[in-house]
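Enquirer: Based on the hints, put chains B, C, D and E in the right spot on chain A.
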Amino acid sequence: MRPENYQAVNHPPSNEYELNFGPNHPGIEGNYALKVKLQGDTVVEARADAGYLHRGFEKLMEDRLWIQNISLVPRICVPDPVPMEVCYSLAVEELAGLELPERAQWLRVLQLELSRIAAHLFYFGGHAATTGMYTPMYWGVADRDLLLDLFEELTGGRVYSIYNMPGGVRQDIPRGFLQRLSDTLDYIEGRLKDYDNLFFTNQIFVKRAKGIGIISQEQALEWSVTGPNLRACGLEFDVRRDDPYLIYDQLKFDIPTEHGGDAWARTLVRRLEMVESISIIRQVIKALPDIKGPVRTPIPNPLAWRVPAGDSYARVESSKGELAYYVVSNGGDKPYRVHIRGPSAMHAVQVLEKLAVGCRVEDVAQTMFSLDACPPEVDR
Amino acid sequence: MSNTDLSNIEVNQKPVAKRSNPFANVFNELVSFCRSRSMFMLHYCTGCGAIELPPAMTSRFDMERLGIQPMVTPRQADILLITGYVSIKTLKRVILTYEQMGAPKYVIGICSCTVNGGMYWQSYATAKKLDEYIPVDLYIAGCMPRPEAVIEGLQQLMAKIKTDEANSWKKYYEHYDYYLGNQQHLFGNNWQTPTDIIGEAKTYQLEGPNTLGEHTKILESVQRPLEPLEMKL
Amino acid sequence: MSAAHSQNLNVLLQEIEGIHLTHHNPRRLRADIAAEALPALLALLRGRASYVHLSAISCVDWIEENQFELVYHLWSYETSVLISAHIRIPREPGIYLSVFDIYTPAAFFERDIHEMFGVYFEGSPDMSKFILTEWNGPPPMRKDFNSEKWVMETFSWQEYHPDWLKDLEEQGGGIVSTPESIRMDNK
Amino acid sequence: MQVTLLTIMEVILMPIVAFIIGLFMVLMMRKLAARLQRRVGPPLFQPLFDIVKLYGKQTQISHGMIHDIGIIMAVGGYVAAEALLPVPGMDGIAAKGGLITLAYLTMVPSLGLALGVGQCANPNGSIGISRALTSMLAYDIPFIIVIFGVAYQFSSTNLVDIIATQQAGGFSTWGISEMPVLAVAGLFAMHASLGKQPFEIYIAPAEIATGPMVEMGGKFLGGLFVMQSFQLYTASVLYVSLFLGGGENWITFLLKSFGVLAIPVVIAYLFPRYRTDDLVRLVWKWPVMLALIGIAFVMN
Amino acid sequence: MKMKLKSKKAPVIDHSDSGSLLNPLKNLQFLARKPVTEPLKPRLASLNYRGFHLNDWEECVGCASCQKICDNAAITMVEIPGLPNDPVKGIRNHRPAIDYGRCCWCALCVDICPSSSLSLSREYVHTCDQEHIDSYFILPDPNGIHKEHFGKGWQKTEHSDLLSLTRSVMAELEPENRIDNFDEIVDGFTPEQAVLEASRCVQCGMCHDSCPTNMHAPEYIRAIWNNDAEEAVRQIYRTNPFAHVCGRVCTHRCEDACSIGIRGEPIAIRWLKRYAMDSVSHERIKEIVNEGNTAKSSGKKVAIIGAGPAGLTAAFDLVRSGHQVEVFEALPHAGGMTRYGIPDYRLPFDTLQQDIDIITSLGVKIHYNCIIGKNKRMSTLRKNFDAVILAIGLSQGRQTRIKNSDHRHVYRAVDLLQKISTGEEIELPHSVAVIGGGNVAMDIARSLARLQKQQYGKVQITLTALEEQQHFMADPEEIKESLEEGIVIKDSCGPQGCEIDNDGKLTGLKTWKVTSIFDEQHRFAPQYDEEQEVVHNCEAVIEAIGQFADTSLLGKELTEQLEWNRGRLQIDENGQTSEDWLWSAGDCVNGPDVVHAVADGHRVAASIEQQLKVKTQ
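Chains as they are written, first to last, in the numbering used here: chain A, 1 to 380; chain B, 1001 to 1233; chain C, 2001 to 2187; chain D, 3001 to 3300; chain E, 4001 to 4617.
Isolated chain A, as found in the complex (with noise of 0.2 Å):
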C-alpha cells in the first residue's frame, strides 16, 4: 500500500473517503489504479487512472518498418497476444493487397481460438481468486500452460508467438502437432466438469457473482460494450460472424449468449465460449490435412518493403472483445500511422466507472475482473 493512497479528502461533512485500488493491488488486472470514493462500504464514484503500461506503441510503430512491427504488436494484450498479431496482420495485407493462402488462415483460426482459451482461462481464475477462491488460478493457470506448451511447439514462443505476419504465418505446423493439439483438448475439455463443480456452479460464487455490475441492453449498445460482455447482455453480436475474417464464414459455431448482464452472466458466456472455440479448433484439426499450398505468400525484401498509399480498417473478435487496427500508409517503408482499438479502451475506463459506482468495496474487483479488461490495450 502507498502512502498516496491515503490522503484525507477535503470535504469534512461527509463521511465519505477515498481508497486507491492499484496500480500494485491483487484486486486489479495488471498494472492499473482505479481511485473510488467511499460512503461507508458503497462506492460513490469512482475514476479510472491508466498510463502506468503506457509505452506508446503507436509512436513506435511510426518509427518501425512493417515487418518489424510484427514483434511489437503482441505486447499489447499480454494475456491474449495472437489477435494483436493477426489483426495488425489482416490490416496489413488489405493496405497491400496481399493474398492469404488459405492453409495461413486456417493456421490463424487455430491459433486464435487456442488464445481465446487460453485467455479466458487465465481470465476465470483471476475471476475467482478476486472472490478468495484460489484453487480455480492454480489449475487454470497451469492448465493455460498446456496451451502454451502448444504454441511453443507451433510458433517457438510461449506466450509472444510472433506467428503471424503478413502474408501469413512464419512456418508450417511440425509433424505430430495435431494428434498432440488434438489430446490437449480432449484433456481441456474433461476438466471443464471440474471447473463446473469447482467454480462455476459453486453456490458461493454465483451469489457472489449474480447482480454484480449489471449492464442492460441499452446501456451495452451506448457504451460501445462488445465482445463476451456484450453477449453476456443477450446480444448476439460477434465480429467472427457479423463481419468475418479469415475463414470463419465457412465454419460452424455458436455465438453464446446470456442474459442478465451481470458478472455472473459474463463468467458463463466465456465458459460457454471455451467449448465453442474447443469445437472450432476440432473442425481446424480436422480440415487442415486437406489444405494443401503455402503458409505465406512472399514479400518483398522487408527491409526495403513499402506498402502502398491508404487505409485499412481491420477487426478481429479477440477474447476481450473487438480489437481493432486503423492502419494509415503513405506509401512509405513504415506505417504512417496506426491506431488501435483495444476492446478493454471502453471496458476498463467508461464501463467500469459507471458500474462501480454503486458497488460495494469487495465486488470492484470481481466487477473489473468480470469485464475482464486487459489494461496495456488501455495504455497502449
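To be clear, the hints were calculated from the coordinates, so they are not data collected in a lab.
Heads up, a few of these hints could be off.
What the hints assert, rightly or not - With the Cβ distance kept under 10 Å, some of the chain A side facing chain B (calculated, not the full set):
| id | residue |
| --- | --- |
| 1 | 30 |
| 2 | 51 |
| 3 | 81 |
| 4 | 122 |
| 5 | 139 |
| 6 | 141 |
| 7 | 142 |
| 8 | 144 |
| 9 | 158 |
None of the values given here were measured: they were computed from a predicted structure.
Don't be surprised by glycine CBs; every beta carbon is placed ideally from N, CA and C.
Expert: Frame of chain A; chains B, C, D and E shown alone:
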C-alpha cells in the same frame, strides 16, 4: 545522466563484521539461511513479463516449493520483481514501493527491458536502465523469460542470499545521492518520497561518503516535512 | 448486407451535402465529408440508420498538409457495414466539436486524442490528462515530436565491455558499427 | 510447592508445544491447499523459516506504541489461552481457569489487532479490522451458545473435567455423540473463527489488499504468523477437548486435532468468501439456529 | 443443482441456476491425485524454440543484415581479426554481437540472414548480477552462450525466409529475334521492375567493397528504390564516369560478392545502374555531373595517351580539379576497347558516345587520329605537359603459334572486332572455328554469327577452348546466349594446328582433348590426350586467346630508361612509372576489364593531383 557514473559505484565489499560471539554467528547464519528459504515476492505486475509469473507461482512450476510466495503489500515483501519495462509513471511507484519494503530487500530485473530498454528503447514513456534508479541484485534474461528461467533465477538469488552476497539494498543507502540524482533527472527536482532514506541510512549505519551530495541537497531544499506517521523507524 | 439496406443507406447519406463515398469492399464504406457536416452525419447515422456502435475515433497527423485527419469508425449491427467518416481540420489551432452527445464512447477517444495529439474537443466531458499524467513534453503522437531524439537526450545506455571484446580489441578488432549509428545513417 | 513448580513448568511448556504443533498445522494447511491445487507445496520447515526470517528483518517499522502493544496482545492472548488448554499429560492451569476465561482470551487477539491496526491509519487496515470485528461478533454468538451448551451438558466449565468425563465412556460419551447438533454448530463457529473461506472477509487481498496486515512488516508480520499457528492450534484443540474427548495420549490427541482442523482448511480452498453482510446473516442464521436446537436437546 | 441439457454438447449452466454447495466438495478427490508440478530442473524447450542465438562463423559473411532488420537495435557488428576477410568474395570478418538488454527473440535476424548462419538455440536460462551485466552482451558462436549444447531451435525454413532470392524479370530479345541483327539484347528494367529489384537489396555494402572503383552501389540502389534516379546518377558519378558503359558491360564483381547471391540470385546491380542512367536525360546527367564543380584553373597541363576508359576517367578527374587535359587517341573514335572491342548488341555505340560526351563537355580535349610516335613524339609531350598518362590498352591480339597459324584465314579476334565495329567490309567465312573461351571469343563468335545469319542465313561457328565449359572465363550469360544463338561450343579442346588442303585453303582446326591445363605448381602446362583428336571443319580460324599492349610508341630511348617487369611497365601502387612525369593506367597494366580501368584512372589522377599540388607549393 547524473554526475556519478555507474562504474564509480563499487560493491559493498565490506565483510560483515564477524562478532566474536560464536552464538551470534550461528544466529546470523541461521537468519541468512531462513531468508534464502523464505522469500515473499511483491505481487506487482510492472510490465508484460508478469504474465509468466502466474505460471511460475501456480501448479505447473510451483514456486512455493522454494518457499516463495506472493505478498500483497511492500511492507511484507522481500523481493521486488520488476517484470519488464517500467514506464516513467510506474517507475515512481516502483521507487516508492521499493523504499517501503523492509530491509534486507532484493530486486530482480526480469526481461530485456530492465537492462537496456529492450523493445521499447526508443519509447518516450519507459525508463531504460533500472539500475540507475534502484539497485538490482539479479537479472533474468529473456523477453519474457520462461517460468523455468524465473525459477532458476530465484534459485540463484537464494544461493546469493544464503552466503550474504545479495547486498544491493545497502548500495541504495550508500549511494543514495546517485540514485536520487537519476530519479530527479527523470521526475524533476521537486521529486520526493515519503520514506526518509537518509535517516534510515544513519540508523543502519550505512551512511557512506556518497549517501549525501548535491542531489540530496536539492531534496532537502524542496522537501516538505515528513509526517510522523509516514516515516517512523 | 441486403440490397434494401444498402439502398436505404445510400439514399440517407445523400442528405448530407458534399459527401463523397467510396466502397473499399462490401463491408467497408469510406465517407469523406467536410468537418462542419460531421455531427449531422453522425446524428443521421445513429438516429436513422442503426449505426449505434462507435468503434473508434482515430486521428492522423498530416504534418505536411498542416492538417489533422479525424476518422470516425461506425458499425451497424444490422447492416454489417463499417462506415469510416473522414474529416480534416486545420492543425492550428486544432479544435473540433465533441460528438459525446451523439456517441458516449467518444469521450474516451476524444480524451485520448487530446492527450496524444493536442486536439481539443469542445463539449467533451473530460479533457484532463489520463495516460500521460506524468508527461510534460508536447503531445507525443504529433509527427513533429521525435521520440528517439528525446530518448537519446534523456537516457544513457549500458556501456558493455565484456572480456571477449577486450580480447578482440587487443588483437586489433572491435566494434565496427553500433545499431544506433546505423539508424542515424538512415536518417 | 512442588505442584506449583510443575504448574509453572507446564505453563511455560504448553505454549511452546502449542507453537510447535501450530507450525505443523500451518504446514498441513499449506500442504492440503497445495494438494487440492495439484501442486507440491512448501517444504517441511517452511512455516518456521518464514517466522525466523520475518523476525530477522532489518527494517522493523512500527507505527507507535499501540501498534506494538496490539501485536503483543494478539500473540499474548493466545499464549495465555494455551495454558488453559489441557494436552495429554499437562493440564497447566486449565483446572483453575476454566472455559469462560478461555473464551474471553480468544477474543483478546482480535481486539489487540484492532488496536494495533487502528494505529497504522491505513484505510484498508481500518476496513479490514472493522470486518474482523464484525465477523468476530458474528461467530462469537454461536460460539458462546455452544460453550454454554457444553458446559451445561457436562455441568462444568473446567476443561479438565470435561475431558475426563468424555474419556470415561469412550466414544459414546464424547461430546460429538452426546450432542451432535451442537458439535456441528461448533464446527461452524470454529471455521468462522479461523477466518478461512468462505468466512475470510477480513484478509481479502483482492478487496482490501490484506486488510489488517497491510502495514505489518518484519516482526509484526512475524507476530501475526506466530498468532496464526497458535490460532489454528487453539481452535482445533478446543474443539477436540469439547467434542472429541480430548487426547487420551499424544497420538490420538494429534490425530484428532489435525483431523478436525483439516475440515475447515480443505473447505477453505474450495469456496470463495462471502460478502460481509451475507456472512453476518449466514452465521447468525444457521450456526445460531443449530446451536439453539442443540442446546434445546441438551437442556432436555 | 439444476443442470439442463441443451444440445448434445457439454452440460450448460443456466443463468438462473443458483449452484450447489456440494459440487465443490467433489473436488476433494484431488487430495488423492498426483500433482501436475514439473521437476525443478528446466525442461528442454521445443524443437523450434526461440532461445539464445547461435552463429555459424564459417557460414557467416558479416553482411550485417541482421543488424538492419533488428527492430530493437540490439545488434552490434564486431570485427574479429583472424577470420577470413575477402571483399572480392563478399566475406567480411565482422560478426554480430547481440545485446540481450534489447533483444526480443523475434528471430527476424534468423529469417533474414542471407547466409543462413544465424539460428536460435533451445537454451533459455541466463541470469547475472549487476557486476556481470556485461554477460548480457554476447557474441554468438556455434557453441552457445554457456558453451553447453542444447541443439538448434528456430531455424530459417522456406516459409520463414524473408529474402526475395529471385531477380525481377527483365525483358530481352529472344534468340530468333536477335541473331540477325546487332540490336541491343536486353531491354533494361522498366521503372516497376527496377524498384522491385532495388528493393531486394539488404544494403550490406559487399558490392561497394568488392568493386575495383568502390562504386556506391548501396546508395544508388537505395536511390532507385526511392524513385530518385537523379540521386542514383549522382551516386554513380561519384566514382564512375563510364556509367553507361559499366551499366551494360561491366564484369560486375559486385554481383559475385552480393550477399543475396549466397543462396539466391544476386541483385542485378549492373542493370540497375543502367536503369538509372537510362532514365535520366542526357542533358540532366550533364548538369548533375557539373554540380558543385567549382575548381579553379590550376594552370597545369596533363596529357593522356589513349581515350579508353582509364584515360578518360583520369581526364574526368583531372579536369574537374582544374587542370587542363588533352587526350591523344590513335583511332577516329574515343572509347578504346569499349568502342572497338565490344559489339553493338552489348554496348550500343551511341550510349558509349553519351559517356564520352559528358567527359568532353567538362573541357577535356581529345585529339583523334593522333598517333604518338608518329604524329607526335613522347618527348614533345614531356616538354609541353606537367604529366603524361599512358593508357594505351591492349590493342594487339595474341597468337597461338600453332601449325599453319600464319595462314591468311587465321585472324586475331580484336582485329576482326575492330573492323566489324567500324563497319569495314570483311571477308565473311561460311564456317568459323574460334579458339578461346573468354568474353572476346564470345564477342567475335556472336558477331560473326549475326553477320553469317544476315548474309548466308545460317550460323556455322564452332568455339573451342582448353577449359571445361563451366570454367570458361566468359560470363555464364554469354555462354548461354551463344548457345541459344546456334554457336557450337567444344570445350577441353587444345588447338594443335590448322588443316590446309592442297589448294592452300584452310579446311579445319585440329584439336586434342585436354586432360589437364595446369601442372602441380599451378603453372600453365596443358596435357593432351592425343587419342582424342578432332578436326573441326571451317573456312577460317579466329584466335581469341588474349591481347597485349603495343608499347612501341614510347620510342627506343624512353623504353630503355623505363623499368620493366616481365615485359610490362614497372609501376608503383599509384600507377607511376619509374619516370616522375609518366604514369600508366588501364588494361595495359591490369589486363582487360573496364571497371578496373576506371579504378585505375582514378588512382592515377589522384596521384598526379597530389604530385602537382606538391609541385605548386
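Enquirer: Could you work out which earlier hints the structure fails to respect and list their numbers in ascending sequence?
Expert: The structure conflicts with no hint, since it agrees with every one listed earlier.
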